[in-house]
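Take these sequences, add in the hints, and give me the full structure.
Number of protein chains: 2
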Amino acid sequence: VLYLIPTPLAPNPHLPTLPTWAESLLPELQIFIVENTRTSKKFLAKTPNINFDNLQFFELNEHTTEQEKSDLAKLLPTFSQNIGLMSEAGCPAVADPGAFIVAKAHTLGIKVVPLVGPSSIMLALMASGMNGQCFAFQGYLPIEKDQKKKKILQFYQLSKQGQSQIFIETPYRNRQFLGDLIQFLPLHTLLCIAYNITGQDEFIQTQTLQYWQKNPPDFHKKPAIFIF
Amino acid sequence: VLYLIPTPLAPNPHLPTLPTWAESLLPELQIFIVENTRTSKKFLAKTPNINFDNLQFFELNEHTTEQEKSDLAKLLPTFSQNIGLMSEAGCPAVADPGAFIVAKAHTLGIKVVPLVGPSSIMLALMASGMNGQCFAFQGYLPIEKDQKKKKILQFYQLSKQGQSQIFIETPYRNRQFLGDLIQFLPLHTLLCIAYNITGQDEFIQTQTLQYWQKNPPDFHKKPAIFIF
Numbered sequence: 002v003l004y005l006i007p008t009p010l011a012p013n014p015h016l017p018t019l020p021t022w023a024e025s026l027l028p029e030l031q032i033f034i035v036e037n038t039r040t041s042k043k044f045l046a047k048t049p050n051i052n053f054d055n056l057q058f059f060e061l062n063e064h065t066t067e068q069e070k071s072d073l074a075k076l077l078p079t080f081s082q083n084i085g086l087m088s089e090a091g092c093p094a095v096a097d098p099g100a101f102i103v104a105k106a107h108t109l110g111i112k113v114v115p116l117v118g119p120s121s122i123m124l125a126l127m128a129s130g131m132n133g134q135c136f137a138f139q140g141y142l143p144i145e146k147d148q149k150k151k152k153i154l155q156f157y158q159l160s161k162q163g164q165s166q167i168f169i170e171t172p173y174r175n176r177q178f179l180g181d182l183i184q185f186l187p188l189h190t191l192l193c194i195a196y197n198i199t200g201q202d203e204f205i206q207t208q209t210l211q212y213w214q215k216n217p218p219d220f221h222k223k224p225a226i227f228i229f
Numbered sequence: 002v003l004y005l006i007p008t009p010l011a012p013n014p015h016l017p018t019l020p021t022w023a024e025s026l027l028p029e030l031q032i033f034i035v036e037n038t039r040t041s042k043k044f045l046a047k048t049p050n051i052n053f054d055n056l057q058f059f060e061l062n063e064h065t066t067e068q069e070k071s072d073l074a075k076l077l078p079t080f081s082q083n084i085g086l087m088s089e090a091g092c093p094a095v096a097d098p099g100a101f102i103v104a105k106a107h108t109l110g111i112k113v114v115p116l117v118g119p120s121s122i123m124l125a126l127m128a129s130g131m132n133g134q135c136f137a138f139q140g141y142l143p144i145e146k147d148q149k150k151k152k153i154l155q156f157y158q159l160s161k162q163g164q165s166q167i168f169i170e171t172p173y174r175n176r177q178f179l180g181d182l183i184q185f186l187p188l189h190t191l192l193c194i195a196y197n198i199t200g201q202d203e204f205i206q207t208q209t210l211q212y213w214q215k216n217p218p219d220f221h222k223k224p225a226i227f228i229f
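First to last, the protein sequences are chains A and B. Going letter by letter, the first sequence gives residues 2 to 229 in the numbering used here. Going letter by letter, the second sequence gives residues 2 to 229 in the numbering used here.
Treat each hint with caution, since some may be false.
The list treats identical chains as one, so a pair stands whether inside a single copy or across any two.
[What the hints assert, rightly or not] In silico DSS-like links for lysine-lysine, alpha-carbon gap of 25 Å or less:
1. 146 / 105
2. 105 / 161
3. 222 / 149
4. 215 / 105
5. 223 / 149
6. 149 / 42
7. 112 / 146
8. 149 / 75
9. 161 / 70
10. 222 / 70
By construction, these hints were calculated from the structure, which means they are not laboratory data.
Laid out in structure tokens, this is it:
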């Protein structure tokens with residue numbers, strides 16, 4: 002079995018760090034494919050009864066080369082035990098490169114079991130008030146200004162046709178991205194800004210671009226989701 | 002506060018029915034806006050310390066008229082207590098009409114807090130192995146055959162460009178929908194079929210349409226997600 006293991010989005014002392022399934026499942030796993038070994042070890046360290054001596058970690062992230070991916074894919078059928086897949090935060094194989102290993106598991110006939118946990122995309126969408134019956138996650142936009150403008154205008158048309166458009170941005174570019182939206186789109190456009198979701202300072206508000214222009218949120222370097 | 006309360010997708014005696022937050026939060030709420038009063042009462046009945054005498058339920062679903070929606074929107078600012086929003090199953094305001102009341106809450110300055118819980122869309126996407134960095138939830142397709150074919154071919158083009166396409170269908174039409182895909186799309190197309198997610202007979206597999214043609218899944222009348 003390949004278990005898809007969601008991890009916490011934000012530290013919050015009022016929330017239990019681990020769901021109840023984690024305490025029984027995690028100590029049984031010895032092989033982990035992870036986006037970031039350090040954060041995964043930190044997460045596992047909070048679980049009772051984990052013996053780190055026996056654990057093997059394989060990294061799969063945006064720095065993984067095609068050759069390394071191919072090597073990992075070849076290892077997959079040799080594992081005689083259950084495997085855990087973990088993202089740096091949130092749900093693995095969504096907005097990270099983990100889908101590669103899940104696809105491989107399907108071709109090898111390995112059973113894939115997704116576990117329930119936090120997804121910043123889904124939590125932001127639920128709480129946005131935007132259309133949740135038709136939506137697209139567009140990920141990151143191009144960095145080059147003209148290309149970015151073209152994409153933003155194209156996605157704005159889809160939004161006007163009723164499909165909610167969901168984006169993430171590298172946290173230190175949040176302010177610039179909001180500035181781009183204010184520059185390129187009509188100021189009456191509704192934009193949901195959600196940051197530090199599940200954290201103590203969780204912020205989720207849907208307002209017009211005009212409102213955001215006058216009341217810029219304090220979200221520099223904080224993980225954020227944008228929806229229009 | 003408007004709490005967005007996810008509910009279980011499928012009965013499973015091996016999973017705890019309620020997340021830990023539910024036992025402390027739910028007994029404090031007396032006003033619920035729900036997709037289906039009966040299923041919500043059934044869910045609440047499993048929570049300790051719920052006093053049904055004090056609870057008020059308001060329904061919001063696909064049968065709610067514009068007049069009833071407008072009446073509910075007018076009631077919203079008169080509630081002096083926290084409110085819970087619940088879908089029939091899974092995350093409220095995603096693939097159901099609940100977003101209407103969330104949008105209203107934002108315009109009234111009511112804080113919106115989404116709680117972590119199961120989303121069949123997200124669980125299916127994670128476990129599909131399909132691209133999770135760019136995806137669209139297209140909801141239900143038109144029933145009329147020519148219109149449906151047109152939409153399927155259009156979404157197939159988006160899928161070829163790298164955007165995973167996610168669909169739901171009314172459970173008794175699952176077999177027909179699979180038949181349509183087999184008829185309209187190339188047989189080498191990969192399709193993920195996921196049904197009874199989180200249930201004891203959870204099924205999630207990604208195979209070619211050719212495979213599905215030869216090995217049709219046993220999913221008649223079961224809630225399913227399709228991804229290509």
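Evaluation of the provided hints:
no., hint, verdict
1, 146 / 105, "neither (36 Å within a copy, 34 Å between copies)"
2, 105 / 161, "between (37 Å within a copy, 19 Å between copies)"
3, 222 / 149, "within (20 Å within a copy, 44 Å between copies)"
4, 215 / 105, "between (48 Å within a copy, 21 Å between copies)"
5, 223 / 149, "within (21 Å within a copy, 42 Å between copies)"
6, 149 / 42, "neither (37 Å within a copy, 48 Å between copies)"
7, 112 / 146, "neither (43 Å within a copy, 34 Å between copies)"
8, 149 / 75, "neither (38 Å within a copy, 40 Å between copies)"
9, 161 / 70, "between (39 Å within a copy, 22 Å between copies)"
10, 222 / 70, "neither (30 Å within a copy, 39 Å between copies)"
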